[in-house]
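Q: Sequence:
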Amino acid sequence: MTTTPFFAPDGPSGPLTASLLDLPAALRRMVLVDDILARLADALAADPGDIGADARFTDLGIDSKRALEIKEDLEEALGRPLPATLLFDHPTPDRLAGHILDGLPDRAPASTRPVADAAGDEADDPSAALDAALARYGL
-18 MTTTPFFAPD
-8 GPSGPLTASL
2 LDLPAALRRM
12 VLVDDILARL
22 ADALAADPGD
32 IGADARFTDL
42 GIDSKRALEI
52 KEDLEEALGR
62 PLPATLLFDH
72 PTPDRLAGHI
82 LDGLPDRAPA
92 STRPVADAAG
102 DEADDPSAAL
112 DAALARYGL
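The sequence shown begins at -18 in our numbering and counts up one residue at a time.
Incorrect hints may appear among the rest.
[As the list claims (entries may be wrong)] With a cut-off of at most 25 angstroms between alpha-carbon atoms, the simulated SDA-like pairs for lysine to any residue come out as follows:
1) K52 - P62
2) K46 - L25
3) K52 - V12
4) K52 - R37
5) K46 - G79
6) K52 - A24
7) K46 - P72
8) K52 - A22
9) K46 - R61
10) K46 - G30
11) K52 - D28
12) K46 - A24
13) K52 - D70
14) K52 - P72
15) K46 - E56
16) K52 - T(-2)
17) K46 - P64
18) K46 - D31
19) K46 - T66
20) K46 - A36
21) K46 - D28
22) K52 - G79
23) K46 - P86
24) K52 - G84
25) K52 - L67
26) K52 - P86
27) K52 - H80
28) K52 - T66
29) K46 - H80
To be clear, the hints were calculated from the coordinates, so they are not data collected in a lab.
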């Protein structure tokens, strides 16, 4: 039996996937964990700063119904179907982010990567990409 990659290079993707692919690999996990924490905080009517990246979803009061709601929200943001047991199979924000990132390609498809201008700077300059990513997230 063959399995389909979580993120096929030619498959559809959502806005969160596109945002993650625009970031340097070193920042993806932090940004994705922050995104998951924000979704959890919204579902729990809590402050994202009050939820730790290693907090177990069940300890936070995430039941089956809320787990499905969060999974469906992530599906829409990622543009990919996810298993119904996602939050139970990967029981913390950090482990969930790791699972999602494991299936993410290393780079955005060539058609979505920035094109360098005549000087050839930003598309090839990792520090410029890092600065842009940090600025986008207010860091």
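Q: Each hint should be assessed against the structure and marked as holding or not.
A: Results for each hint:
With a CA separation close to 9 angstroms, the supplied pair K52 and P62 stays within the 25 angstroms bound. With a C-alpha separation of about 12 angstroms, the suggested pair K46 and L25 falls inside the 25 angstroms cut-off, and the hint holds. Between K52 and V12 the CA atoms are separated by roughly 17 angstroms; this keeps the pair inside 25 angstroms, and the hint holds. Distance check on the hinted pair: K52 and R37 sit about 15 angstroms apart at the alpha-carbon level, within 25 angstroms; holds.
Under the criterion of a C-alpha separation no larger than 25 angstroms, the hint pairing K46 with G79 is consistent with the structure, at around 23 angstroms. With a C-alpha separation of about 11 angstroms, the suggested pairing of K52 with A24 holds against the 25 angstroms cut-off. About 15 angstroms separates the Cα atoms of K46 and P72, which keeps this hinted pair within 25 angstroms; it holds. Taking the CA atoms of K52 and A22, the gap is near 14 angstroms; set against the 25 angstroms cutoff, the hint holds.
A distance of roughly 20 angstroms separates the Cα atoms of K46 and R61; the hinted pair therefore holds under the 25 angstroms criterion. Taking the CA atoms of K46 and G30, the gap is near 23 angstroms; set against the 25 angstroms cutoff, the hint holds. As the CA atoms of K52 and D28 are separated by approximately 20 angstroms, the hinted pair is consistent with the 25 angstroms bound. With a C-alpha separation of about 11 angstroms, the suggested pair K46 and A24 falls inside the 25 angstroms cut-off, and the hint holds.
Of the supplied pair hints, the one linking K52 and D70 holds, its CA atoms being roughly 12 angstroms apart against a limit of 25 angstroms. This hinted pair checks out: K52 and P72 have alpha carbons roughly 12 angstroms apart, not beyond 25 angstroms. Between K46 and E56 the alpha-carbon distance is near 15 angstroms, which keeps this suggested pair within the 25 angstroms criterion. The hinted pair formed by K52 and T(-2) meets the criterion: a straight-line CA distance of about 15 angstroms does not exceed 25 angstroms.
Of the supplied pair hints, the one linking K46 and P64 holds, its CA atoms being roughly 14 angstroms apart against a limit of 25 angstroms. For the proposed pair K46 and D31, the alpha carbon gap of about 22 angstroms is at most 25 angstroms, so the pair holds. The suggested pairing of K46 with T66 holds, with an alpha-carbon distance near 11 angstroms, which does not exceed 25 angstroms. As the CA atoms of K46 and A36 are separated by approximately 18 angstroms, the hinted pair is consistent with the 25 angstroms bound.
The straight-line distance between the Cα atoms of K46 and D28 is roughly 21 angstroms, inside the 25 angstroms bound, and the hint therefore holds. Restraint check: the Cα-Cα separation between K52 and G79 comes to about 15 angstroms, which is no more than 25 angstroms; the hinted pair holds. Of the supplied pair hints, the one linking K46 and P86 is violated, its CA atoms being roughly 30 angstroms apart against a limit of 25 angstroms. Distance hint between K52 and G84 is fulfilled; the C-alpha atoms sit about 16 angstroms from each other, no more than 25 angstroms.
Restraint check for K52 and L67: the C-alpha separation of about 7 angstroms stays at or below 25 angstroms, so the hint holds. Under the criterion of a C-alpha separation no larger than 25 angstroms, the hint pairing K52 with P86 is consistent with the structure, at around 21 angstroms. Using a Cα cut-off of 25 angstroms, the hinted pair K52 and H80 holds, with the two alpha carbons roughly 13 angstroms apart. Straight-line distance between C-alpha atoms of K52 and T66 comes to about 9 angstroms, which keeps the hinted pair within the 25 angstroms bound.
Our distance criterion of 25 angstroms between C-alpha atoms is met by K46 and H80, whose separation comes to about 21 angstroms.
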